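Chain by chain, the residues run as shown.
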Amino acid sequence: MAKGWLKAALGIFFAGAVCLSAAAQDLTVGLGANVTSIDPHFHNLSPNSSVAAHIFDRLIHQDEKQRLVPGLATEWKAIDATTWEFKLRQGVKFHDGSEFTAEDVVATLKRVPWVPNSPSSFSIYTRAITETIVVDPHTIRFKTKEPYPLLPVDLSTINIVSRKHEQSPTGDFNGGKAAIGTGPFRFVEYVPGDRIVLTRNNDYWGDKPHWQKVTLKLITNGAARVNALLAGDVQIIDQVPTVDIAKLKTNADINLSRIVSNRLIYLHVDSFRDQSPFVTDKAGAVLPNNPLKDRRVRLAISKAINRQAIVERIMDGEAIPAGGLLPEGFFGASPKLKAEPFDPEGAKKLLTEAGYPNGFGLTLHGPNDRYPNDEKIIQAIGPMLSRVGIDTKVVSLPWATFASQSSAPTYAFSLMLVGWGSGTGEVSSPLRSLIATVGPGRGASNRGRYSNPKVDSLLQEALNTVDDEKREKLLQEASEVAMADQAIIPLHYQVNVWATRKGLSYTPRADEYTLAHFVRPAS
Amino acid sequence: MTVFIIRRVMQSILVLFVMSLLVFVGVYAIGNPVEIFVAADADQAERARVIAALGLDKPLWEQYLLFIRNAVMGDLGKSFVFNQPALGLILQRMPATLELAFTAMVIALALGIPLGMYAGFRPQSRIAKAIMAGSILGFSLPTFWVGLMLIMVFAVELGWLPSTGRGATAEVFGIETSLATWDGLSHVLLPALNLALFKLSLVIRLTRAGMRENMLMDYVKFARAKGLTMRRVVFVHVLKNIMIPIVTVVGLELGSVIAFAVVTETVFAWPGMGKLIIDSINNLDRPVIVAYMLITVTMFIVINLVVDVLYSVLDPRVRLADMKG
Amino acid sequence: MATVIERDGIEVVPAAPAEAPFRRFVAEFAESRLAVVALVVLAMIIVAALAAPLISPQDPYDLNQLDILDGRLPPGAESAAGFTFWLGSDDQGRDMLSAILYGLRISLGVGVMSAVIAVLIGTAAGLAAAYFGGRIDTLIMRIVDIQLSFPAILVALILLAVLGQGTGKIIVALVTVQWAYYARTVRGTALVERGKEYVEAARCLALGHGRILFRHLLPNCLPPLIVVATVQVAHAIALEATLSFLGIGLPITEPSLGLLIANGYEYMMSGKYWISFFPGVALLITIVSINLVGDQLRDVLNPRLRK
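Chains as they are written, first to last, in the numbering used here: chain V, 1 to 523; chain G, 1 to 325; chain A, 1 to 307.
The set of hints was computed from the structure by calculation and includes no laboratory data.
Remember, predicted model here, so these are calculated numbers, not experimental data.
Any given hint could turn out to be false.
[As the list claims (entries may be wrong)] List of simulated lysine-lysine pairs, BS3-like, C-alpha gap at most 25 Å:
1. 226/G with 240/G
2. 221/G with 196/A
3. 110/V with 87/V
4. 349/V with 293/V
5. 338/V with 348/V
6. 338/V with 454/V
7. 87/V with 143/V
8. 393/V with 169/A
9. 240/G with 196/A
Just need the whole structure built from these sequences, with the hints factored in.
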């Protein structure tokens, strides 16, 4: 009994001491997304990768605009059509003191497809490699079956683990035993659903982070996250809710940093079925012919949408009206693709031309917990379409239901709002998944089952072209053809916003990662 | 008594069995989990691999039988998204939730019974009317909204208490709890108050109703006539009679407090089971959902049993033998 | 009732006033001026809710009348079309006054409907369990246990996920999570009542089951039932709001008061208080008046409080 009280008293004392010692070298981050594991190969999920980027390095890193920069590899080139050679950085040490060599890369590539029970594997980025050849401890070659220009991009998603942990299960990473990387921070503690604690790696090969101790707190509720920042409990938050931005802007204690993201919000259109379940006449009976198969009707929908109003009124200015698949500046994004201007008269004219002078009935589906303001956007689009004659009902669903109903094999909806973030930062990613004809390795997220042989062949050619310049041209052409055909109806590109306490600055990133080593005292 | 308890346990096993089936089928009906946790750029081959790796390619009845077989041996399956045993995952979060629920209940009872007794004892006084008006406010406002208001006032505007999260923990009698540190207490206060508000109103109303009824009863008059002081009559005799409905309700409400912690934990980023279950539902992480249900149901069955036993202790007219289990 | 007492010469606690029941009931109810005021307010709210389509300036459910360019205007502002938003507009350009009137309709409808159905089911089950005992009791109470062991939010969540969104569906969900509550409350009280002499006496007289149940047991179970029911109507409305907060309640295009609050709460911090505040006030007034009326009803109906 007495012992218990003593312990309690000591606990109180200790807690007090911790509070006092919270020095300027400590950083607490409020993260908006849930992290499911410390194992960098377990779950291909952006928040996990963002956390892993503190502890581990990749061969190639992506900078804040998702351009490739040297990581554990100092240089890389294709030595012939199907062989890539990577030179590895010398003198890099893992957190356990062992030296980083090509063997660690080999072990990592073996581990990626091996991880048991992975709910989403990184092997989609490594399976193009048919053979790995260690030339010397700091030179490694990868063979592919076909010319594979995306290999450097793909490898920029793979975190390198120590060869000692090739067979370590996910639990060992979560517990810390195997969470040994070469990254700027060392692992201290992971409490699922609550926090991740890290400490500075003083032997880091790159720029040393400013912070001695970093706590990544998981605060998934947007308002709670903003409150934690305002109360000073955290020094930086990501995914700032758009409604709070105006107020935070005027707050002298808060700095905001923003960058246009790789995430496109768009409408997917059922342009496949002859009868689409939610395309009806005005009385509600399913139409015998699906008007959405007609390019003019899709264009009319696009013209009926006032993107500028959505951006200003619903996204509070934190978005950019979109006309393509990725914003300008990303690899393969066509500068020719501009957002469709708001033109309700033009929309009505097109509908008349297509044989629907009085419009028709339609239901627009969308998630309500997935993208910023998702259900508000579809609610705003409803009246816009109704005004040109397409009587639109709006239905929002939780992502858990929406995701499975909207995709294969159900394809339950006719017109739906979805988003796409290009993790690889180049345009082949949305072309391959959203627009290419559904088939092996293609169109896995093509919820409208759009199909255009011209786009398919341009994409195929691009994916086999190693020369960057030629490939970029092909990708641009493919997206121009697809967008001219209204394969999808783009709405806007999101802007990623971080908010920090005054005196700190963050280098905003297009890939939505929140990295403590990029949080610095403002100069 | 023993026969009664054994019977209850047997029935409880049946309840658990039926429940697991319902939840299993229910979660299956919501959607296909693979669409949620697979990376967006994964192709069909990768999706097929995930489905096979998680055993979702088997027919539902086969998945269920497999689950039952493992459950009998104490294995409730591994979380799809965390790849940790679902049971362990929940037990890991349980102390945080219990701590929150416990604090909320203590707040509700410690404030609710005295306030309710006063309101019932002097129903016409201004204070009593103020208490009742307050209790109406308590359950009029949605929990999530009150939570956000509490944060806005006490954390953001006044800066008295931390806005979110759980504080430092310390070990007391072998249990890791944040209730043993100042930091922890300061963190638990707002969420517990938020969670307690609804129960507080309920306790006040029940106590007041019981108080008013009992004060008019003959035994009170007899007791007073016998020369007992009002204080003794109220705090010994009346209180004991009031406790019956309160014990029932508190027992019943403990389960609902734990469930409603879902909302409070979301608003306050409290790392408990409630937040885990909401995340798991959003992810359709079936093993965790099923395990969570089984654990809460077990807890609830135990609570009910305790309530029934307490009932018979407090009110001799209700005998366990009558209840036939 | 009264004749029964006289004829049988047995002291049975009467459940309803013996002479001129209705007039006496009204007189007792009117003893509290506050309750009368609440009743008037509640009546006005109900009339406003029923007449919403006639009296509201805009049809907030007709998406064609909305324009996001009119969104988030403060109270008193005018829309582009010259329409005045007396209580401001929400982010979709919906007139808050109209939205509140329509929202009242839905919230009240959902709350009352679900409570009434749940009370009927729950009371019947609870009385049957307490009165008959034995296997019936065991069976019913096990079902109640199963029901109560599902956290309300989780049941509603799974039900709505399976059923989809909609007013009817949310009522089903709310009834499902509430009926067991009444059953347990009624059974608990009835169990105590059953042991009392008057029931034994009634049984000795070989009165029918129905008669004993509904004329003797039920009236005595009413006071706690009314306490719980008034709490539960409010609870149902709040639960519906919470479900909406979690994104699975009513369709966003036809918001209830709870959904209006949920939609507006995120604007509270950025100073656009009216989107959440006015629906909150409407909800508060509604629930407070329901409860004040309920309180008084309880005092009037409770035979043991009568001097």
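Sort out which numbered hints this structure fails and list those numbers smallest first.
none
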